[in-house]
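Read top to bottom, the protein sequences are chains A, B, C and D. For the first sequence, this note's numbering begins at 1 and goes up steadily by one. For the second sequence, this note's numbering begins at 1 and goes up steadily by one. For the third sequence, this note's numbering begins at 1 and goes up steadily by one. For the fourth sequence, this note's numbering begins at 1 and goes up steadily by one.
In short, the hints are calculated from the structure, not lab data. As the structure is a computational prediction, the values presented were derived from the model and not from experiment. Where hints are given, some of them may not hold.
Covered stretches of chain C (chain B as the covering partner; in silico rule of three or more C-beta atoms under 8 Å from a C-beta of chain B) [stated by the list, open to error]: (1) 60-67; (2) 229-242.
Taking lysine-lysine and the DSS-like style, the derived pairs with C-alpha atoms no more than 27 Å apart in a straight line are [said to hold, decoys possible]: (3) K136(B) to K90(B); (4) K4(D) to K136(D); (5) K4(A) to K90(A); (6) K4(A) to K90(B); (7) K90(C) to K42(C); (8) K4(C) to K90(D).
To list a few chain B residues with every Cβ distance to chain C over 12 Å, as calculated [claimed, not checked]: (9) D103; (10) P160; (11) S263; (12) R322.
Even for Gly, the Cβ is constructed at its ideal location relative to N, Cα and C.
Protein chains: 4
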Amino acid sequence: MALKIGVVGTGNMGQYHIQRLATSISNAQVVALSDVDVEQAKRVAEAAGEARVYSDGHQLIGDDEVEAVIVASPGFTHEEYTLACIAAGKPVLCEKPLAPTTDACLRVLDAEAGRSDRLVQVGFMRRYDDGYRAMKASLDAGHVGSPLLMHCAHRNPAPPPGFTSDMMLTDSVVHEIDVSRWLLGQEIIAATVFTPRRSSLAAEPLQDPQLVLLETDGGVLIDVESFVSCQYGYDIRCELVGESGTVALPDQVGVRLRQEGRSSTEVPADWRSRFAPAYHAELQEWVDGVLRGEITGPSAWDGYATTAVAERCVEALETGRRAVVDLAERPELYD
Amino acid sequence: MALKIGVVGTGNMGQYHIQRLATSISNAQVVALSDVDVEQAKRVAEAAGEARVYSDGHQLIGDDEVEAVIVASPGFTHEEYTLACIAAGKPVLCEKPLAPTTDACLRVLDAEAGRSDRLVQVGFMRRYDDGYRAMKASLDAGHVGSPLLMHCAHRNPAPPPGFTSDMMLTDSVVHEIDVSRWLLGQEIIAATVFTPRRSSLAAEPLQDPQLVLLETDGGVLIDVESFVSCQYGYDIRCELVGESGTVALPDQVGVRLRQEGRSSTEVPADWRSRFAPAYHAELQEWVDGVLRGEITGPSAWDGYATTAVAERCVEALETGRRAVVDLAERPELYD
Amino acid sequence: MALKIGVVGTGNMGQYHIQRLATSISNAQVVALSDVDVEQAKRVAEAAGEARVYSDGHQLIGDDEVEAVIVASPGFTHEEYTLACIAAGKPVLCEKPLAPTTDACLRVLDAEAGRSDRLVQVGFMRRYDDGYRAMKASLDAGHVGSPLLMHCAHRNPAPPPGFTSDMMLTDSVVHEIDVSRWLLGQEIIAATVFTPRRSSLAAEPLQDPQLVLLETDGGVLIDVESFVSCQYGYDIRCELVGESGTVALPDQVGVRLRQEGRSSTEVPADWRSRFAPAYHAELQEWVDGVLRGEITGPSAWDGYATTAVAERCVEALETGRRAVVDLAERPELYD
Amino acid sequence: MALKIGVVGTGNMGQYHIQRLATSISNAQVVALSDVDVEQAKRVAEAAGEARVYSDGHQLIGDDEVEAVIVASPGFTHEEYTLACIAAGKPVLCEKPLAPTTDACLRVLDAEAGRSDRLVQVGFMRRYDDGYRAMKASLDAGHVGSPLLMHCAHRNPAPPPGFTSDMMLTDSVVHEIDVSRWLLGQEIIAATVFTPRRSSLAAEPLQDPQLVLLETDGGVLIDVESFVSCQYGYDIRCELVGESGTVALPDQVGVRLRQEGRSSTEVPADWRSRFAPAYHAELQEWVDGVLRGEITGPSAWDGYATTAVAERCVEALETGRRAVVDLAERPELYD
């Protein structure tokens with residue numbers, strides 16, 4: 001009764017999902033893989049069990065045994081594979097971004113919006129993090145009153161090779177964009193990016209850190225520190241300020257060590273350890289939902305809106321000015 | 001390729017495992033259930049899928065399709081079912097206690113000890129808790145030096161109906177007995193139980209709270225507060241004191257709320273929410289291990305030694321005196 | 001050998017200092033008080049011991065027995081009294097602000113700058129807070145590397161009657177302006193003020209909360225949430241982000257209470273309880289310094305620069321635009 | 001109007017008080033010092049101002065200008081100087097212990113008990129610590145219900161030279177003895193001392209750590225870890241368990257540093273930094289009380305009872321058995 005899944009893309013992110021599906025997700029089975037590097041796909045397939053291997057994602061999507069698809073190939077290919085899944089009527093979990101441009105995202109929206117039910121889910125895994133979920137539950141329960149402000153920080157010890165100042169917005173801050181939209185149930189309508197002195201420890205010519213200011217249609221202000229060369233660890237912080245109180249992600253986790261004059265806890269080393277349980281929950285709940293016939297996670301609309309905001313952030317960084325987000329009308333499917 | 005599992009006992013604990021196996025454990029399938037209350041077993045089976053139902057655990061164990069067994073029936077039946085599994089050569093995850101008396105435990109040991117490999121695992125799930133695991137990793141890495149003392153508290157908001165003063169030792173403290181043996185890699189050789197004034201909020205005639213002092217063969221002293229009517233929540237605390245530092249379970253988890261003059265985090269309401277991830281890991285790792293042909297969790301020896309210590313704790317509570325634990329010789333299988 | 005002090009102004013702030021001087025500051029004696037409400041001054045004098053009472057601050061400053069002066073009268077009178085103290089060659093601790101306008105502040109600077117030593121200290125007590133001092137020590141010791149960003153929040157449960165949106169900048173944020181200049185050893189060169197939706201719990205027409213963005217001449221960005229109707233308590237937060245780490249004010253103090261499902265600590269009710277030790281240290285160190293012939297606390301320059309920045313914040317709030325701070329040249333006396 | 005104080009003993013503790021009186025205590029003046037090492041007393045006197053110097057504490061006590069006395073000489077001399085103060089009718093703050101033996105303490109009690117008012121205060125400064133005071137306020141306010149258990153730890157990084165296993169009880173645990181009596185308003189009636197393996201980092205032949213179990217006449221059990229070679233810092237911990245909740249000393253103070261993969265706060269290096277504010281409050285409140293004619297701090301009875309319990313702890317350590325405390329009848333003066 002397991003869901004038969006095909007995975008497009010066997011790079012880091014693809015392997016991360018495949019490994020999890022093979023070892024710890026219930027009611028799921030990886031039956032097919034594809035990668036332009038077919039030798040890599042074969043190696044991954046061996047580790048995963050008996051999956052068929054394709055060099056072309058479209059062949060995988062066309063495989064009759066494949067009931068649902070995960071797209072984990074490079075971002076510029078997301079549009080075509082997601083469109084192919086929609087055309088084939090197969091549920092698809094597309095890694096973020098849905099597509100790198102708003103135009104591409106709109107084409108996916110157009111393809112799905114005519115349907116009576118959703119097929120596309122976008123891989124914003126923070127919505128599955130216990131901390132963010134408890135923040136949302138607390139907000140929704142009225143513990144802090146109506147929201148006014150959010151303060152966020154997104155810190156990585158060091159960026160991957162080739163990381164650019166734009167990617168600090170389109171790859172990193174994009175998570176805060178999605179999760180704040182979801183927490184608040186509001187759309188972001190404008191973005192401004194401020195740049196302090198760059199860290200001497202950041203790789204040239206990265207403008208690192210950046211301070212992003214987002215405004216929602218509900219009048220909430222969100223400030224996000226994006227700092228990908230912070231050295232000390234992977235640190236995700238979020239405090240939501242309401243009219244009568246605040247709720248924040250836990251800022252100390254793990255066992256407490258007292259030694260050599262300090263009382264300390266560990267800061268996670270990277271996103272893998274910090275968000276492993278969220279990736280697990282995302283995948284398990286997606287599998288469960290597909291088997292039940294329900295797609296409830298981040299939608300193509302969320303993918304579109306998030307890309308639209310990230311694009312305006314890049315514009316704001318370039319111009320030094322406030323950039324207004326002009327969203328398309330939201331199709332009924334996403335209400 | 002899923003492991004085909006039979007579950008003996010469909011009460012609270014049995015259902016807790018069956019529900020998890022059906023929905024979130026990878027590579028596992030519940031194929032048979034048994035309960036003396038066969039109607040209840042049938043209701044549970046429906047929810048779980050298509051499991052066969054038996055009124056007798058021995059029939060389930062004898063079912064050829066059943067590859068591995070979980071024993072979640074009342075404690076006094078654990079011995080017979082575990083012995084039957086050993087006789088049938090089937091891996092068995094037996095809920096704690098392995099058996100209620102040391103004599104019964106020894107009979108299980110005898111049955112298994114002649115084998116060249118283990119079949120029995122006892123359900124001490126704390127060894128699978130992230131916090132305890134990080135404590136052990138920290139200790140083993142030498143962060144705090146050689147262990148000297150452990151301070152523990154085991155608090156429940158209120159006891160279940162019929163809970164007795166003895167059960168505070170055999171049902172509650174038994175977890176601290178096992179986990180401290182495991183953390184330290186040492187056996188407990190003596191126990192004393194001290195009784196402060198009983199709480200006026202404890203149900204008569206419960207002696208609640210109790211303070212248990214355990215001594216290990218490595219000279220470590222362990223104090224355990226057992227308090228099952230603490231009112232405010234389910235709170236498990238543990239600090240290990242070494243020669244150069246201490247390491248402790250996290251004492252604040254979850255999101256931080258600031259409201260009405262307080263900055264606060266939630267205390268778990270019960271063991272289900274506190275240890276759900278540990279139960280999950282216990283079950284997934286047991287399934288994975290059985291499929292690989294390895295049983296690495298708490299052994300029959302651990303079950304025996306823990307019961308032996310708990311028995312002496314009960315004696316110490318009754319006599320008001322230090323009770324010495326006299327363990328049998330440990331069979332080679334458990335080295 | 002006690003320092004003989006005269007206090008101008010016996011309102012809330014004056015009484016707060018007088019009470020402290022009378023009961024817990026060493027080597028200090030209040031010998032004279034003045035207030036336009038001379039009856040109030042008399043009542044306060046009785047409580048304080050045997051101080052002489054004047055209706056005019058200038059008479060107090062002219063009193064030969066008065067060796068040093070504390071100015072705690074309304075802000076618009078600070079300039080004239082401080083100038084009188086400089087003219088009389090008497091050390092003066094002037095409550096913030098040094099003066100409400102930069103022009104007035106410059107007149108005080110002009111009067112003092114020709115001297116070879118300082119007489120004026122401005123009452124920015126946060127520099128005497130253990131937390132801020134430890135942050136500065138940590139920064140100066142290189143624990144976090146060169147500073148890049150500061151995140152601050154300044155929350156009051158409710159504003160005093162008559163509090164205005166401008167006062168959120170000139171009375172509240174002014175503390176963050178001074179303390180960040182001091183922590184960083186940098187001047188602030190620009191300010192922008194952002195306004196989220198106002199809280200429905202804020203008194204009309206208060207624009208509450210506000211988000212202030214300050215830029216320093218060293219390229220550091222400082223964001224300050226100013227929220228004077230936050231309901232839940234008096235909460236002062238500050239995190240300084242450096243190139244290799246961050247250092248932050250403690251965010252949980254006081255005893256930990258576990259009850260009714262929560263683990264919590266108290267949030268201070270108001271600035272009096274939060275900063276009482278800082279006010280104590282400010283006063284004791286000022287007394288000690290005057291007796292030694294040294295004035296080392298916040299200078300007239302600090303008073304001027306802080307007022308200058310606060311003025312630009314008010315402009316930024318009104319215009320919705322970034323306002324540039326144009327400081328006068330700093331006299332050598334303040335190097 | 002300052003209180004004229006004489007200090008007997010100018011060693012470490014004496015200097016600690018004298019320095020504080022000279023620089024930061026209001027309404028106090030050190031007018032006389034005595035020490036058997038008169039040269040040392042002279043050096044200290046110079047630093048303190050113009051105090052007269054005696055080689056004999058009795059001469060100091062007899063000095064007509066001396067209005068109140070602090071006894072900070074070695075413990076074995078406390079009795080005679082305190083008795084002399086009582087005979088002279090002068091208030092005396094005697095450092096702990098009141099006297100090293102219960103017999104000596106009883107002689108002081110006898111001398112004072114016939115009076116209609118108290119003269120003697122014993123230097124148990126923890127009662128002046130903000131944390132313990134907040135714990136008491138919380139307990140007295142009913143936040144945690146009636147007390148049942150207390151868990152304490154008293155850790156020093158390393159002992160002073162010559163420190164013995166007995167002194168871990170009479171010099172260290174004595175603080176927990178006093179403060180728990182005060183918190184609970186109960187007397188301790190029995191003590192048992194348990195000894196884990198000694199730390200290999202403890203100086204021979206120190207039995208370090210020790211675990212002390214105290215029983216009160218109200219049925220509360222108190223466990224105290226005493227560990228004077230803990231290496232990592234000076235760490236004082238206390239949690240009071242009531243029928244409906246618990247209240248504990250803050251376990252993290254000071255600024256939070258995030259660097260090199262850890263989020264940490266500092267553990268105090270020694271008792272001086274940890275309890276400096278408590279010593280300050282003790283001294284200021286004693287001075288204020290003497291000037292008002294009230295002695296409200298720890299009494300001679302508290303000094304006696306604490307010494308009596310510490311003596312039984314030493315017996316318990318030697319015998320390995322529970323030792324019963326048999327207190328004298330409490331004179332009315334101490335009700």
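Results of checking the hints against the structure:
Here the region 60-67 of chain C counts 0 residues with a CB under 8 Å from a CB of chain B, which misses the bar of 3, and the coverage is violated. Counting residues of the region 229-242 of chain C whose CB falls under 8 Å from any CB of chain B gives 4; the rule of at least 3 is met. With a CA separation close to 30 Å, the supplied pair K136(B) and K90(B) exceeds the 27 Å bound. For a cut-off of 27 Å, the pair hint linking K4(D) to K136(D) is broken: about 32 Å separates their Cα positions.
The straight-line distance between the Cα atoms of K4(A) and K90(A) is roughly 11 Å, inside the 27 Å bound, and the hint therefore holds. Between K4(A) and K90(B) the CA atoms are separated by roughly 30 Å; this puts the pair beyond 27 Å, and the hint is violated. A hinted pair counts as satisfied when its Cα atoms are at most 27 Å apart, and K90(C) with K42(C) qualifies at roughly 24 Å. With a C-alpha separation of about 30 Å, the suggested pairing of K4(C) with K90(D) is violated against the 27 Å cut-off.
At roughly 41 Å from the closest C-beta of chain C, the C-beta of D103(B) stays outside 12 Å, upholding its exclusion from the interface. Even its closest Cβ contact with chain C, about 19 Å, leaves P160(B) beyond 12 Å, as expected for a residue assigned away from the interface. Annotated as non-interface, S263(B) brings its C-beta within 12 Å of a C-beta of chain C; the closest such distance is 5 Å. Every CB of chain C is more than 12 Å from the CB of R322(B) (nearest about 31 Å), matching its label as outside the interface.
Of the numbered hints listed earlier, those contradicted by the structure are 1, 3, 4, 6, 8 and 11.
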